[in-house]
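A.B. asks: Residue numbers (my numbering), protein chains in the order written: chain A, 38 to 418; chain B, 85 to 339.
No lab work stands behind these hints: they were computed from the structure. Among the hints, a few may not be true.
Partial list, computed: chain B residues near chain A (C-beta under 8 Å) [claimed, not checked]:
#1 E267
#2 P271
#3 T272
#4 M277
A virtual CB, placed ideally from N, CA and C, is assigned to each residue, including glycine.
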Amino acid sequence: MQFDLTPEELMIKDAVRDFADGVVAPGAGHRDETGEVPLDIMQQMGALGFFGIPFSEEWGGTGANTVSYALAVEEIGRVDASLGLGFAAHVSLGCSPVYYFGTPTQKREFLERAIRGEYLAAFGLTEPEAGSDAGGTQTRARRLGDTYHLNGTKIFITNAGHAGYIVATARTSDQSRKISAFIVPRETPGVGVRCDYKKMGMRSSETCEIHFDDVVIPEDHLLGAEDKGFHQFLDILDGGRISIGALSVGVAQAALDASVQYAQQRRQFGKTLSAFQAIQFKLADMAMEVELARTMVLKAAWLKDQHRPYAKEAAMAKLFASETAMRAASEAVQIYGGAGYMHDFPVERYMRDAKLLVIGEGTSEIQRLVIARALLEEHPV
Amino acid sequence: MKILVMVKQVPDTATRIRVAEGNASIVTDGIKWVINPYDEFAIEEALRIKERLGGEVVVVSAGPQRVEEAIRQTLAMGADRGVHIKTDEALDSHVVAQALAAVARAENFDLILTGKQAVDDDAAQVGPLVAVFLDVPQVTVVLKLEVDAEHQRLVAERELEGSIEVVELPYPAVITAQRGLNEPRYPTLPNIMKAKKKEVRVESLQALGIVPNVKVRTVSLSEPPERPAAKILTGDPVAAAHQLVELLHAEAKVI
Ligand SMILES: Cc1cc2nc3c(=O)[nH]c(=O)nc-3n(C[C@H](O)[C@H](O)[C@H](O)COP(=O)(O)OP(=O)(O)OC[C@H]3O[C@@H](n4cnc5c(N)ncnc54)[C@H](O)[C@@H]3O)c2cc1C
Chain A
38 MQFDLTPEEL MIKDAVRDFA DGVVAPGAGH RDETGEVPLD IMQQMGALGF
88 FGIPFSEEWG GTGANTVSYA LAVEEIGRVD ASLGLGFAAH VSLGCSPVYY
138 FGTPTQKREF LERAIRGEYL AAFGLTEPEA GSDAGGTQTR ARRLGDTYHL
188 NGTKIFITNA GHAGYIVATA RTSDQSRKIS AFIVPRETPG VGVRCDYKKM
238 GMRSSETCEI HFDDVVIPED HLLGAEDKGF HQFLDILDGG RISIGALSVG
288 VAQAALDASV QYAQQRRQFG KTLSAFQAIQ FKLADMAMEV ELARTMVLKA
338 AWLKDQHRPY AKEAAMAKLF ASETAMRAAS EAVQIYGGAG YMHDFPVERY
388 MRDAKLLVIG EGTSEIQRLV IARALLEEHP V
Chain B
85 MKILVMVKQV PDTATRIRVA EGNASIVTDG IKWVINPYDE FAIEEALRIK
135 ERLGGEVVVV SAGPQRVEEA IRQTLAMGAD RGVHIKTDEA LDSHVVAQAL
185 AAVARAENFD LILTGKQAVD DDAAQVGPLV AVFLDVPQVT VVLKLEVDAE
235 HQRLVAEREL EGSIEVVELP YPAVITAQRG LNEPRYPTLP NIMKAKKKEV
285 RVESLQALGI VPNVKVRTVS LSEPPERPAA KILTGDPVAA AHQLVELLHA
335 EAKVI
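Please put together the full structure from these sequences, using the hints given.
C.D. replies: And the structure:
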C-alpha cells in the first residue's frame, strides 16, 4: 500500500494549482454571470500540456497518467467548475475516443491538434430520445459508396461550438444497439451547432445542440469498428466518470475551504460560527466526505493506470464524489446563511454547478445501476 | 551563454510560521516549501537569455534532501541540469556563499543570477558575497537586464528612490533580481515529465572543500506580538464616521 503521490504527480498538481489560482480563479465569478467561455484560457492550457496529461508523447501528449489528470481536473474545478467541465469533456470525451480507438492517421489529423489546444473536441452521444438510455440512439449513419451520410440531433453537447471535431454516435443498422462512432469535423456541410441553452449552473461551459442534416463524411472517419460504437462509448464513459469525480472533488473542496474560512470570521451571539458545535459538525462531515471522495477517485484512476478493471470503481467514485459536492455546496450556502444565497459569495455558484455533477456522464441513478450490475455479476448464485 | 542560477527553497509565503521549541528555529512540519520568489525571476531571466542566445542554464541550491524538489521545479521550467549541495547543517550566509562560489568556480559561467534576497531570512547577502568570492562585478536589485554578447557586456537597470539607474559592466558577473524583472512562466507539464530525466549532481560541503565555520548564529526567534482585535464601528454612518476620525487621531495617531 502506498498513498503518496509520485514527485511528478505532485509537481503536476502544484503547477496546475498555481495556474488555477493565478489565471483561472480571478475571472471565474464574472464568467459565471456573463456565460462567456474562456477560450483564451483553454488555449493556454493546451500550450502548457494540460490536455495531453494522460496521453503518450507519441501523439503530442504529456506522458503522465490518469492520476495526474484527475489531480489537474480537481484543481481547475476547485476554482472554476465550468472550465473544469470543459477540460474534462475535451480530454475524456473528445480526445480519448480518438486516442483509444483511432487509427494513426486519425490521431495525426485530429488528436494532436486537440491536445495542443488548437481546437476543442466534443462527444455527441445524448439525444432528445436517448439520454440515460444512450443505446437508444436514433441518429442514423447510412453507408453510400465510400462515405457515410449522417442524419439526426444531439443535445446538451459540451464544447461543440468551438470544437474542431465531434465524436458522434449513430446507428449503422436497424438492429438495436448496432451503433458506430464517427469523427465529424465541425465544418462539414450540414453540421448545425447552436449553443444558446440558458443553464442553471456550469454557465461558462459551452453546451450545444447539434443537427446533422445529411452530413457526408468519408468512410475513414469511422472510429474503431463498425457496429462496435456501443461498447466503445461505454468504455469512454467509464474513463469520463473519473474526471467528473475529480471535478466533483474540486467543487466540494472549494465549498469546504469557503466554509472553514467564513465560519471563523462571521460572528453571531458574540462568537464565531466555528464555535458552535452544529457548525463544527457540518465542517467535519464535509471534510470527511471530501477526503473519502478524493481517495476513491484516485483509486479508480490508479486502477485505470494499472490497466485493471475499473468501471465499477469509477462509477462509485463519480457517484460518491458528485453527491459529496452537492451536499458540501448546499451546506456551504447554509453556513453562509443569507449571504450564501447572494451572488457576492461564490458558494451559491458551487451549488448550482454541483447539480450538474449528479446528472452529467450518467445520473446518480444510472451510477447505482452500473454498480449493482457489476456487483450481481461478480456474485452469481 | 552559460548561466548559473542560485536558488533557495523557502517556506511558502502563505504558510503560518511558528517558532519551534528552543526558540532557535521554526516548526517545519506541514510547511509547504517553494522556490524563493525572487529566485524565480532569476530563473526566468536565465531561460529567456538562453532562448535568445543559446547556451545552458544550471541551477544550484544548498540544503537538505527536500531541496532537490526545488531544483526539479526549475528543471521543469526549462533549466538544463542541477547541482544539489546537500547539507543538513544550519549555515550562515557566508558559508552558503562559499559553497555556491565553489560550484561556480568549478565551471566557467558567463553569468550568475539569483534573487535580491530570500524571503525567509531577508539577509540579502548571498549574491553579493558570491560576487566577492569570485572576484567578479555585481549589480543588485535589477529590474531590467540586457546582454550584449558581441562585446561581452551587460546593461542593467535598477530602481532607486524616484529614479532609474542604468549601469553597464562586463561579464562574468553576478546579478540579483528584483520583482518586475520579468513574469516567471508556468512550467509546461511535458517539461515536468522530462525533468525526471535531467541530471541533478549531488555535492557535499566536504567535497567542495568547505569547512562550515559558521560565524553568525541564531540566538533566538520569537513571534511578533499579537495584533489587538480589530474595532468594528456600527450604527449611524455619520456618527461612525465621526468616531472613526476621532480614533484615527487619538488612538492610531495617523491624522
Ligand atoms: C451541462 C451538460 C453538459 C452535458 N454534456 C454532454 C456531452 O458533452 N455529451 C453528451 O453526450 N451528453 C452530455 N450531456 C447529457 C447528459 O449526459 C445527460 O443529460 C444525462 O446522461 C441524463 O440524460 P437525460 O438528460 O436524457 O435524462 P433522462 O435519461 O431523461 O433521465 C431523467 C431522470 O430519470 C432517471 N432515470 C432514467 N433512466 C432510469 C432508470 N433506468 N432507472 C432509474 N432512473 C432512471 C434519471 O436518473 C433522471 O433522474 C450533458 C448534460 C448537461 C446538463
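A.B. asks: Determine for every hint whether it applies to the structure shown.
C.D. replies: Checked hints:
The closest approach between the C-beta of B/E267 and any C-beta of chain A is roughly 10 Å, which is over the 8 Å cut-off, so the hint fails. For the restraint placing B/P271 at the interface with chain A, the shortest Cβ-Cβ distance is roughly 5 Å, inside the 8 Å limit, so the hint holds. Given the 8 Å rule on beta carbons, the hint for B/T272 holds: about 5 Å separates it from the nearest Cβ of chain A. The beta carbon of B/M277 is positioned within 8 Å of a beta carbon in chain A (closest approach about 5 Å), and the interface hint is therefore held.
Taken one by one, the earlier hints fail for this structure only at number 1.
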